[in-house]
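*Asks:* Listed below, chain by chain, are the residues.
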Amino acid sequence: MTMWLPLLGLILGISLGLLSDIQIPQEYGNYLSIAVLAALDTLFGGIRAHLQQVYDDRVFVSGFFFNIALAACLAFLGVHLGVDLYLAAVFAFGVRLFQNIAIIRRILLAKWTERSKASDTNPSE
Amino acid sequence: MKKTINWKFTLILLTVGFMTAVQYNSMKNPKERDTRDIWAVRHELAVEKQLHSELLSEIRELDKTIFTYKSLNDENTGKALTETVDKLYSQAGMTNIQGTGIIIKVKPSAESEAFGIPVTDVSPDLLTRFVNEINRFKGLILEIDGKRFTTLSSIRDINGITTVNGLNVSTPPVSMKIISPSFKDSEKLYSYLAASTIHDDFYIDNLILEVGKPERFVEIHGSPEMFENQFLKELPKGE
Numbered sequence: 010m011t012m013w014l015p016l017l018g019l020i021l022g023i024s025l026g027l028l029s030d031i032q033i034p035q036e037y038g039n040y041l042s043i044a045v046l047a048a049l050d051t052l053f054g055g056i057r058a059h060l061q062q063v064y065d066d067r068v069f070v071s072g073f074f075f076n077i078a079l080a081a082c083l084a085f086l087g088v089h090l091g092v093d094l095y096l097a098a099v100f101a102f103g104v105r106l107f108q109n110i111a112i113i114r115r116i117l118l119a120k121w122t123e124r125s126k127a128s129d130t131n132p133s134e
Numbered sequence: 163m164k165k166t167i168n169w170k171f172t173l174i175l176l177t178v179g180f181m182t183a184v185q186y187n188s189m190k191n192p193k194e195r196d197t198r199d200i201w202a203v204r205h206e207l208a209v210e211k212q213l214h215s216e217l218l219s220e221i222r223e224l225d226k227t228i229f230t231y232k233s234l235n236d237e238n239t240g241k242a243l244t245e246t247v248d249k250l251y252s253q254a255g256m257t258n259i260q261g262t263g264i265i266i267k268v269k270p271s272a273e274s275e276a277f278g279i280p281v282t283d284v285s286p287d288l289l290t291r292f293v294n295e296i297n298r299f300k301g302l303i304l305e306i307d308g309k310r311f312t313t314l315s316s317i318r319d320i321n322g323i324t325t326v327n328g329l330n331v332s333t334p335p336v337s338m339k340i341i342s343p344s345f346k347d348s349e350k351l352y353s354y355l356a357a358s359t360i361h362d363d364f365y366i367d368n369l370i371l372e373v374g375k376p377e378r379f380v381e382i383h384g385s386p387e388m389f390e391n392q393f394l395k396e397l398p399k400g401e
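As they're listed, the protein sequences go chains A and B. Be aware that the first sequence starts at 10, since it is given in our numbering, and climbs by one per residue. Be aware that the second sequence starts at 163, since it is given in our numbering, and climbs by one per residue.
Heads up, some of the hints might be wrong.
[Claimed, not checked] What the simulated footprint calls covered on chain A by chain B, stretch by stretch (three residues with Cβ under 8 angstroms from a Cβ of chain B suffice, anywhere in the stretch; the number is not a length):
(1) 26-32
(2) 68-81
(3) 104-115
[Stated by the list, open to error] The following label-pair restraints were derived from C-beta to C-beta distances:
(4) B:W169 to A:D93: 49 to 57 angstroms
(5) B:V203 to A:L25: 31 to 39 angstroms
(6) B:T290 to A:A97: 41 to 49 angstroms
(7) A:D30 to B:L207: 24 to 32 angstroms
(8) B:T227 to A:Q32: 46 to 54 angstroms
(9) A:F85 to B:H205: 37 to 45 angstroms
(10) A:F85 to B:W201: 33 to 41 angstroms
[Claimed, not checked] Only part of the chain B face toward chain A is listed, based on derived beta-carbon distances under 10 angstroms:
(11) F171
(12) L173
(13) L176
(14) I323
(15) T325
(16) K350
By construction, these hints were calculated from the structure, which means they are not laboratory data. Quick caveat, the model's predicted, so the values are computed rather than measured. For each residue, glycine too, the CB sits at the ideal point set by N, CA and C.
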């Protein structure tokens, strides 16, 4: 039950975006792509924190917006300096995304093995 | 506490989904920039205007037919219908037509004759290209080697032999007849063909195109074939 609401939000967001047929100009494509990456990074970070029981509301929400803004600023700066700085953000977020997902996987695996062990020792359940 | 987490996750996921979808949209169909200059726009406008005037003249024609039908009393209705049928027959290329036009001859080139190169058929591709070339002009009536060419006609390769409407086109020399709406149009077509690059295309196949001077009297025979009507059915007569 707890899983469904966020999933519903995701589906709602995607369908809203696809149905509204909003298109952003090509020049800003970089900014949006990096913002999406930052958002995904924050999201997986949040899930990981939640699973590790260190989740903090303020950190999560502020991280979400701050990361997006920072990434956009970096991309903006990169465009004006003639250096593809947004690649740095892509790299950083990409690495963190993979790390977070790996940690989430480990935690879920550990939980799953614990549960199966418990059910093994307690077959009557 | 749990509830607030869920709500925030939902909101954030909604934002993420929305952003992803927008990005997907933008990547899928990037907005095309309008790079036309004033002349390109004018050209497009001219094309549209031509279409407009063509449609108008078509409407005028049909209006005339309607007017004829309306103005007739019962006795003459049959006559009007026969006239329409005759017009449709001539449009479909089933009647003989006389008019001003030009006669074009396709012959083997002098060089190929001198070298003794065997004369080949006019290839379907080349013939199609030629037909496309003259179709720039409106209202032409065309006959290729005695076969009437209409909008329904086909140029195909059947077992290595070029055919028009399924009938073999003979090996060059072959003559083609074109009838134009007026003598002036014939002259225009003649000048156009005289300067056209289609000669080069024929020359590659060791053929030459001999475009005859506009003539006052050219006759084109109707296609003897009847059309097979596969899809239209006669409605039962009303009570």
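*Asks:* Take a look at whether the Cβ-Cβ distance between T290 (chain B) and A97 (chain A) falls inside 41 to 49 angstroms.
*Replies:* 58 angstroms, violated
*Asks:* Taking 24 to 32 angstroms as the hint, is the beta-carbon distance of D30 (chain A) and L207 (chain B) inside that range?
*Replies:* 29 angstroms, holds
*Asks:* Does the beta carbon distance between F85 (chain A) and H205 (chain B) stay inside 37 to 45 angstroms, or does it fall outside?
*Replies:* 40 angstroms, holds
*Asks:* Quick one: see if chain B covers the segment 68-81 of chain A, three-plus residues with Cβ-Cβ under 8 angstroms.
*Replies:* holds (count 3)
*Asks:* If you take the shortest Cβ to Cβ gap from K350 (chain B) to chain A, is it below 10 angstroms?
*Replies:* Violated - the Cβ of K350 (chain B) stays beyond 10 angstroms from chain A, reaching only about 47 angstroms at its closest.
*Asks:* Take a look at whether the Cβ-Cβ distance between V203 (chain B) and L25 (chain A) falls inside 31 to 39 angstroms.
*Replies:* 36 angstroms, holds
*Asks:* Checking hints one by one. Is F171 (chain B) an interface residue toward chain A, by the C-beta closer than 10 angstroms rule?
*Replies:* 4 angstroms, holds
*Asks:* Under 10 angstroms is the threshold here; is the Cβ of I323 (chain B) close enough to any Cβ of chain A for the hint to stand?
*Replies:* At 54 angstroms from the nearest chain A Cβ, I323 (chain B) fails the 10 angstroms test, so the hint is violated.
*Asks:* Is the shortest C-beta separation between T325 (chain B) and chain A less than 10 angstroms?
*Replies:* Because about 50 angstroms separates T325 (chain B) from the closest Cβ in chain A, which is outside the 10 angstroms limit, the hint is violated.
*Asks:* Can you tell me whether the CB distance of F85 (chain A) to W201 (chain B) sits inside 33 to 41 angstroms?
*Replies:* Given range 33 to 41 angstroms: holds, Cβ gap about 38 angstroms.
*Asks:* Counting residues of the segment 26-32 of chain A with a beta carbon closer than 8 angstroms to any beta carbon of chain B, are there 3 or more?
*Replies:* That given contact holds, which follows from 5 residues of the segment 26-32 of chain A lying within Cβ reach (below 8 angstroms) of chain B.
*Asks:* Verify this for me: three or more residues of the segment 104-115 of chain A with a beta carbon less than 8 angstroms from a beta carbon of chain B.
*Replies:* violated (count 0)
In terms of the numbered hints stated before, the structure departs from hints 3, 4, 6, 14, 15, 16, listed from lowest to highest.
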